Each structure stands twice: as structure tokens, then as C-alpha cells.
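Novice: Going line by line, the protein sequences match chains A and B.
Going by my numbering, the first residue of the first sequence is number 1, and it counts up by one from there.
Going by my numbering, the first residue of the second sequence is number 99, and it counts up by one from there.
Since the hints were derived computationally from the structure, they do not count as laboratory data.
It should be emphasised that the depicted structure is a prediction, and the values quoted were computed from it without experimental measurement.
Incorrect hints may have been included.
As the list claims (entries may be wrong) - Here are the simulated lysine-lysine pairs, DSBU-like style, with alpha carbons at most 35 angstroms apart: (1) K11(A) with K155(B); (2) K282(B) with K427(B); (3) K3(A) with K282(B); (4) K60(A) with K38(A); (5) K3(A) with K155(B).
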Amino acid sequence: MAKELTMENAKAAFLDVLAKIRIDVEGAGGWDLLSEKKILVITPLEFHDILPNRLLQSVKSVCQNEPYSWDVVERDPEINDDTTLQSLFDDWFTRILS
Amino acid sequence: MRVFYLSLLVIVGFAFSALAIESVELHEDSPAILETVNKAKSKSGESTYLRVTVRFKKDLNEAQIEHYSDPGRWRVSGRDGDVVITDIQFASGLHKDQCFLYGDFEAGKSLVLMVDQAEYVVEDKAQDHENTFSFGTNYDMQLGLRRFTSIEAQGALDYNIAISIMKINLGNFSDILFDDVDLKLASTGSFTTEDRFQHGTESSGSLNLLGYYDFLDELYEFQASGGFQFDTATDTLTDELLHVVNQHATGSLQLEIPLTNLIVGSFPKERGFLRMTSPLVVSGIYHAEGEDQDKVTVPARKDLRIWTEAPLSPLFILQFEAQWCSWDKEIPGMDRDNRYLEFTWAQDLDRLKYYLGPLSLLLGSAEEMRNKYFFYIRYGAGQKAPLFQDVEETSFGFAMYL
Chain A
1 MAKELTMENA
11 KAAFLDVLAK
21 IRIDVEGAGG
31 WDLLSEKKIL
41 VITPLEFHDI
51 LPNRLLQSVK
61 SVCQNEPYSW
71 DVVERDPEIN
81 DDTTLQSLFD
91 DWFTRILS
Chain B
99 MRVFYLSLLV
109 IVGFAFSALA
119 IESVELHEDS
129 PAILETVNKA
139 KSKSGESTYL
149 RVTVRFKKDL
159 NEAQIEHYSD
169 PGRWRVSGRD
179 GDVVITDIQF
189 ASGLHKDQCF
199 LYGDFEAGKS
209 LVLMVDQAEY
219 VVEDKAQDHE
229 NTFSFGTNYD
239 MQLGLRRFTS
249 IEAQGALDYN
259 IAISIMKINL
269 GNFSDILFDD
279 VDLKLASTGS
289 FTTEDRFQHG
299 TESSGSLNLL
309 GYYDFLDELY
319 EFQASGGFQF
329 DTATDTLTDE
339 LLHVVNQHAT
349 GSLQLEIPLT
359 NLIVGSFPKE
369 RGFLRMTSPL
379 VVSGIYHAEG
389 EDQDKVTVPA
399 RKDLRIWTEA
409 PLSPLFILQF
419 EAQWCSWDKE
429 IPGMDRDNRY
439 LEFTWAQDLD
449 RLKYYLGPLS
459 LLLGSAEEMR
469 NKYFFYIRYG
479 AGQKAPLFQD
489 VEETSFGFAM
499 YL
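Just chain A, same shape as in the assembly (with noise of 0.2 angstroms):
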């Protein structure tokens, strides 16, 4: 049975996303403490270039199978300096998620 779209199941879903690509947000302290850490500076420059592609295929996996089972419009996010693990959750997870 697929959970229930609400902010909260959405954050938890969000840090199984970062742990899939191998962010691990819960052991390094949790949510609250580093919401407001920069995607291009937590990721190595070797991975930049594919870090939408990887984002994106990473929310699909989690994201559209149990425990969860949405639907995910698929479409990259947009990535710059200024975009922190919280913009992303905002701006982009938040928003391809039905």
C-alpha cells in the first residue's frame, strides 16, 4: 500500500534518495542540521555533470516502489551554486511528486 504524499513521508523519502546516492544525511547529523548544505560542494566535481541525471533516477527508484509507490513526473532538477539540499527538496522534489 503506497504511503500517504504528506511533507513528512516526502522529507523521509527525500533522505532515502540522498542515501541512494550514497549522501548519508541521517549519519552525518540529520535533517535539520544540514538542510542548508550546497549540492555542488557535498558531491565530488568528478560527479557534477551527472548529478541531475542521477537525482532524477534515484528519486524514480525510491520514489515510484513500496513503501512509497507515487507517481514522479521526470524531469531534472536544476543545479547551481546556490542550491542546497533544502532548495532542492522545495523547489524541485516536492514539485514532481503526485
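Once you've looked at the hints, dock chain B against the given chain A.
Specialist: For chain B alone, kept in the frame of chain A given last:
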């Protein structure tokens, strides 16, 4: 060469023709002014369908959500007549200013959306299979300033630029191996205080096919690329800065090796230190026979490169890179097999700011410099492409993301 340029022209031409611009004409007197409307592919279980995302200017209240949840309020017309709206969904648990319209929308066709006597044009110019498309986005640049401790040059400015000029998501061809196509321009080099590039420069245009696979709850990427590359080196006799030493076609395969991040990933994390844990990245690159600026043939070459990073703490981020390059034929004055190893020890400058004194003012406030600047010490030894000059060098410097 001509074939390459022609191919590039065709690809770029296709890029422009397939450019998907999604926009609406706004009606100021509409009570529900739409800010953006996007037509995008969605996937649920086995079914794939199109839907229109409608974004209002502000959050709707419960009465307004009920009002706009009625499919009778909306009318969507395509070129062949009206499209029946089968469902309207508000993800109200997340945002109250956005809803999705579902119906039998056709890919690649513009729509006219009518609501509350107002009319909006939803353009969808994606030509093929509703693949999402972006152009000129996702650029990336890193600059580093280094001071050498072991060679004649006193310092160097490193640059590493990559621009994704076209990207196509192949989600609709879900049965094929690759998920994305990326046309990319990239250049890397290191300019020293001796007015020359230290190891030369490498600049390329390449078409990359990206695929992903799940393994033990983690996502790994693999990539196949083909393109054209220019290698330059500073000519010490003529002082020509960017003398082309090789121009050639390239093909490569790159793979992230699963489980190679397990050991580093299992290290206890310092509170507040967050960084992606990298697996081992292995690349095999074939450089076809090329020619230099003077039309002298340069033999083909095979490269193997491995790269990884171990982010152990903010003061202990280790990177390792190794390259093996093997020429197909002997080149006078050059080894047939070349090896290069590089270790970098990086530290997040945020943690060092208390020791910088007045210097920290140059880098902005603590908040501004946080997670932006790195201090690093680098040791490199061997023969590095494209110049393959035998070096052993130690340097320290700053790197920043732009």
C-alpha cells in the same frame, strides 16, 4: 575531421529543432492565474502517460481546491479536438498551489487550456517520444590556485570546465540499456607561472550515453562516450601556448564499481560533515590515430584510468587517481607505456577559518565561505597525458567552485 564537424552540426541542429519550450499566455483577469504549465511524462507501475502540471500563483484554500478539482471546470483542446480530462490531482499534502491534469494527451502537440473563461497555450515542441530535453544547462567550473614545492614553476592555475549543451532523457525507451544522452563540451588544464600549461590541455566534445543500475539499495552509473578531442601543449621553442599535439576521435566506457565504497562508507561520520561517498570509478578510453597541428600522424592510444575519493572528515578528504596509457606504436623520444599517479589531501576551508586571521575577510563571511573553498596538498608522479613529461611534483593550494 569533416565528418566529425558535420555530425556535430547535425546533432546541434536536431537539438534546436527538438527544443521543448513549455509556456503559457497569461490572462490578467483570470481568477486563477497559472504561473507555469508543463507537459511531462510520468510513470506509475507499468503505465506511462502524459500529464499537465498547473501551477497557481498562490496557495488555494479548500474551497478553491474543490472548485478546481472538478474536471468540468477545465477544457483542454488539441489539434484534433478536445481532450477528455480523466483526473485532476492536487498533491495538497505538499503544495496547495499546484495540480496535475490527466488525460489522453498527445506527445509533441501544443494544447489550449481553458479554465474560468481564460485561455492558456501549453506548448510542447518535443518531437520524439516526449523525451524531456534541456539545452545549455548544467555547467560546472572549478578553479584551483597552487604553489609548487618541488619543481621550477612557482604556481599554477588549474581549471576544469564542463558544459552540458544538450541532454535528452530516454525514459520512454525504458527497455533499453541507457537512460540519458548528454552532449558535452569539456576542457581541463593547468597554467603555470612559467607561462605554459604544465601537462598540456585536453578539450573535447563528446556524446555520452548514461545508464544506471541498482545494487544493494545503491544507485551506480555507467557511461559510454564517443567524441573528438584536442590535446595541446606549450611549444617551448616558439613559445606557442596552445600548440595542438593531437586531434583525434575518442571512445570510452566508464563504470562505477559496486561495493568499493563500503569500507569508507562504514566509517563513523563526524557530526555536520556531509559528503557523497564515491565508489571506484574505472574508465577505459580509446584514442584513435590522430594528427598534430603540423599534420604529423599521432598513433592510437589506449588509456585506463581509475579514480576514487575517501571523505573521512572535513580535514581529511583523500582523492586518488591513476592513469595507464599505452601507445599502439613507438614514438621517438617517448615511452610506449606511461603511468601517472596522483594523491590529493583536501580540507574544507570552513574548518580552518579561525586560523586564517585577516585573510578570511578576503574570502567573505564565514557563512559565504562555508562549503565553497578547499585547501589541498597534491602529490603527482609519472607521465601525465597529454604531454607525458616525466614529473614528480608536490604542490599545495586552494580550490573553489564557481
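Novice: Each hint needs a verdict: does it hold in this structure or not?
Specialist: Now the hints, each set against the structure:
no.: 1; hint: K11(A) with K155(B); verdict: holds, 24 angstroms
no.: 2; hint: K282(B) with K427(B); verdict: holds, 30 angstroms
no.: 3; hint: K3(A) with K282(B); verdict: violated, 39 angstroms
no.: 4; hint: K60(A) with K38(A); verdict: holds, 22 angstroms
no.: 5; hint: K3(A) with K155(B); verdict: holds, 28 angstroms
In this structure, only the earlier hint numbered 3 is contradicted, and the remaining ones agree with it.
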